[in-house]
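Engineer: What follows is each chain in one-letter form.
There are 2 protein chains.
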Amino acid sequence: MSELERVLEAVDAGLDGALERLFGLLAIDSISTDPAYTASCRKAADWLVDDLKSVGFDATRHDTPGHPMVVAHQDGSSAEGPHLLFYGHYDVQPVDPLELWHTQPFEPLIEDTPAGKVIRARGAADDKGQLMTFVEACRCWKQVTGSLPTKISIFFEGEEESGSPSLIPFMEENKTELTADLALVCDTGMWDSNTPTISTMLRGMVGEEITITGPSLDLHSGMYGGPAMNPIRVLNRILADLHDDDGKVTLPGFYDGVPELSDEIKQQWASLNHDGQAFLESVGLSEPAGEKGYTVLEQIWARPTCDVNGIAGGYAGEGFKTVLPSKAVAKVSFRLVGEQDPVAIQKAFYQHINDRLPVDCTVSFKAKDGAKATVMQVDSAPFKQAQQALSEEWENDAIYAGCGGSIPVVGHIKSILDMDSLLVGFGLDDDAIHSPNEKYALKSFHKGIRSWVRILDALSKNDS
Amino acid sequence: MSELERVLEAVDAGLDGALERLFGLLAIDSISTDPAYTASCRKAADWLVDDLKSVGFDATRHDTPGHPMVVAHQDGSSAEGPHLLFYGHYDVQPVDPLELWHTQPFEPLIEDTPAGKVIRARGAADDKGQLMTFVEACRCWKQVTGSLPTKISIFFEGEEESGSPSLIPFMEENKTELTADLALVCDTGMWDSNTPTISTMLRGMVGEEITITGPSLDLHSGMYGGPAMNPIRVLNRILADLHDDDGKVTLPGFYDGVPELSDEIKQQWASLNHDGQAFLESVGLSEPAGEKGYTVLEQIWARPTCDVNGIAGGYAGEGFKTVLPSKAVAKVSFRLVGEQDPVAIQKAFYQHINDRLPVDCTVSFKAKDGAKATVMQVDSAPFKQAQQALSEEWENDAIYAGCGGSIPVVGHIKSILDMDSLLVGFGLDDDAIHSPNEKYALKSFHKGIRSWVRILDALSKNDS
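Just so you know, the sequences run in chain order V and H. Count the first sequence with the numbering used here and you get residues 48 to 511, in order. Count the second sequence with the numbering used here and you get residues 48 to 511, in order.
Note that these hints are calculated values from the structure, not bench results. One or more of the hints may lead you astray.
For identical chains, the list gives no copy identity; a pair is met inside one copy or between any two copies.
[Stated by the list, open to error] Okay, derived cross-link-like pairs now, SDA-like style, lysine to any residue, Cα gap no bigger than 20 Å in a straight line:
| hint | residue 1 | residue 2 |
| --- | --- | --- |
| 1 | 413 | 403 |
| 2 | 508 | 163 |
| 3 | 90 | 213 |
| 4 | 339 | 403 |
| 5 | 394 | 404 |
| 6 | 339 | 404 |
| 7 | 413 | 216 |
| 8 | 374 | 364 |
| 9 | 413 | 363 |
| 10 | 490 | 162 |
| 11 | 222 | 66 |
| 12 | 222 | 63 |
| 13 | 431 | 412 |
| 14 | 339 | 302 |
| 15 | 490 | 70 |
| 16 | 222 | 105 |
| 17 | 90 | 306 |
| 18 | 295 | 403 |
| 19 | 295 | 284 |
| 20 | 494 | 322 |
Just chain V, with the same shape it has in the complex (with noise of 0.2 Å):
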């Protein structure tokens, strides 16, 4: 038996443990967004300190403004390796509205579905599942050959579902100590269960939250309706106006730098067939909503959109109060790709508003942090030899694929480090990820865990 069937033995053999150490993870909630929960986010990260040591890696959490980095090292078996750099983030997304989980977000556990065991907590596929097979595929394989097959570092942040405030001044404090010859990226999706996937472009992102701010204080509408200007009302007319009849985002400029998909491409996704229909449907819609002339795949994976996430104003609670409000939020975002320009777009964003900005009313800015859109070359050699890997353990051809979330921690990777990313990822379309009952397919966290035993020994292969 091979070095590497005795590695994927054991990962088979210890999935109970492993298993029960995700649990611990996921028991943590760690949300990252909301102040309250800070705590927590410390616990989620000096669990994988003490969880990374117990692999042999030399595992430090970094304090930061915001919630700790946790980076870690250990040598390889030779000196031949390249040196990779593992990065997932432990912080998971809110869980409100609760009333609509059926289980606990942080009391984790397996559930027969019609389609298989799934891990159901929040977290469990964004992003604690995902980062887990790559620590687990390190834990067999010191546990199996008593070292790593190359050099591995690992960087977890614990700010990626809120902007990341601390990530970028982090890597550039510490480029040196995270430099590597390659990143891994474990926080995308499959193209379906059985197809392997590597992402190799993802939307970039930018996000605005606008405060619009009318009278100085909230009146009676009664009182004051009519005279007074209404906060909600301009509100309502800025983001009405984002979009065209035909879905297209009306910003000036914001179509700079889109290209259009080469001929290749388009026959490619096309020959992936696809069901745009059906992927609606399984939300319960029934025709995209994009823009026009583009198929349901194309709008994901190539067309940059515009959406408002949140809005609030007013009394919207029970009942009915006749207020006409001081202010009125809303939070707003836009996907990119290609080459569109995230400062170019921010800037026609506030032009936009300003521009419908009644004399009585001003706005205030709150700006998560951008990013380009990432575009991968994937004639390299760590990225054929990633999909051999992947084919070899599936059964079935891993395929290179868009992606419509944003993770700029691969553009920054890039630009700070000046590293090529490698996003394998196991997660399926319909984990929801960011919605009530959060889950992570038994088989996605099983077979990720041999996909990068594969891979780390497919790519400790290559020299340095």
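Model the placement of chain H on the given structure of chain V, informed by the hints.
Structural biologist: Chain H only, in chain V's frame:
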């Protein structure tokens, strides 16, 4: 010393006791719009029953499917005078945002301000302080003369701030018990702190809560942004289209039944020398936002409006959550004037929404009780007598004014009980009645009691 003078003297002498009783009522957090305060509403009703009994009323709490009604009766000193029905409401508005209060909303106190002493508490002006001016006036008549000057019935409800769902059925079922010769309503304001005011025009109201549903669950805006319709975007469009650039409401037929003001009324209002600029500046605004071509006073008293009183969708809490929400909700109210038809306007609003609803969105409605505007006939004896009594108390001519707010009960008193209403109130523009730090001027309370003493004296000299 006349009987009237002795009663007025008793008001002055008993002011501390009256305040103590008012504070007892203000300490009850009877927020009708939130089911969490149901017990408090009942407590306030019971408090009023006990207090009315202490004045010699035959008082009863009537339970309803919502909050209780309080009805009380007491004969006058002779059978000659008119039978009066006094209406008020003991429920109050919610207090959020609580952090903007500088006192506890349900711990009433007297505060010294540059404009004089005020009673600070939720409900101080709307409507507990106002209704107690009448109860205390009755108490003083009773105390000094041993009886009321004329037959009085009292009708308090506890759902005025939450759409009065039980009001119409209760009034219809208890028509005989509630019917009198004239209704007195104390839920309005004064022109300014020295000018007593009888409100003779009230705007009506149509209120609707609309919920737009797009996807069947909350989605990740990276994975679905583009093809998935965002219900906030749909809601923004619907609401933005309600006004044109001149501040006019765009619903077809909306202005049907809106009268142009007579030259006489225009002149009367102009003679009030209302400073629209100062009115707006006091709440941080500088330009009237309503229909062009009308003064601020006309926009409030004589023009219909549309306001969004609340909006919510997605994640608007601390931080950023890239959710594409399943639902978005708004609470919209229209203030009506003249002969505008609430049913026709509701219908036009539904049509406006349906016309803008894309194929994958649905809408649900929850109506707030609607009411036509009210315009009083001011040439009857009671109006003249009340105007005279008020002018004497305040040593300044009482005026007939419009009122931007809606008091639907006045319409129901007319349509169900076939009675006219005399609207006298002592609120001031800066009472912040639906906002943090609500107050009621101590002078309003004190001279309010004295005003009712005089009005009761004047009206009791009419034949019924």
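Engineer: Against each hint, give a clear statement of whether it holds in the structure.
Structural biologist: Taking the hints in turn, this is what the structure says about them:
no. : hint       : result
1   : 413 to 403 : within (18 Å within a copy, 31 Å between copies)
2   : 508 to 163 : neither (35 Å within a copy, 85 Å between copies)
3   : 90 to 213  : within (18 Å within a copy, 52 Å between copies)
4   : 339 to 403 : between (27 Å within a copy, 18 Å between copies)
5   : 394 to 404 : within (15 Å within a copy, 31 Å between copies)
6   : 339 to 404 : between (30 Å within a copy, 18 Å between copies)
7   : 413 to 216 : within (19 Å within a copy, 50 Å between copies)
8   : 374 to 364 : both (16 Å within a copy, 14 Å between copies)
9   : 413 to 363 : between (23 Å within a copy, 13 Å between copies)
10  : 490 to 162 : within (10 Å within a copy, 72 Å between copies)
11  : 222 to 66  : neither (33 Å within a copy, 70 Å between copies)
12  : 222 to 63  : neither (37 Å within a copy, 73 Å between copies)
13  : 431 to 412 : neither (44 Å within a copy, 56 Å between copies)
14  : 339 to 302 : within (14 Å within a copy, 38 Å between copies)
15  : 490 to 70  : within (16 Å within a copy, 65 Å between copies)
16  : 222 to 105 : within (18 Å within a copy, 83 Å between copies)
17  : 90 to 306  : neither (43 Å within a copy, 67 Å between copies)
18  : 295 to 403 : both (19 Å within a copy, 17 Å between copies)
19  : 295 to 284 : both (16 Å within a copy, 14 Å between copies)
20  : 494 to 322 : neither (25 Å within a copy, 75 Å between copies)
Consistency note: the structure conflicts with the earlier hints numbered 2, 11, 12, 13, 17 and 20.
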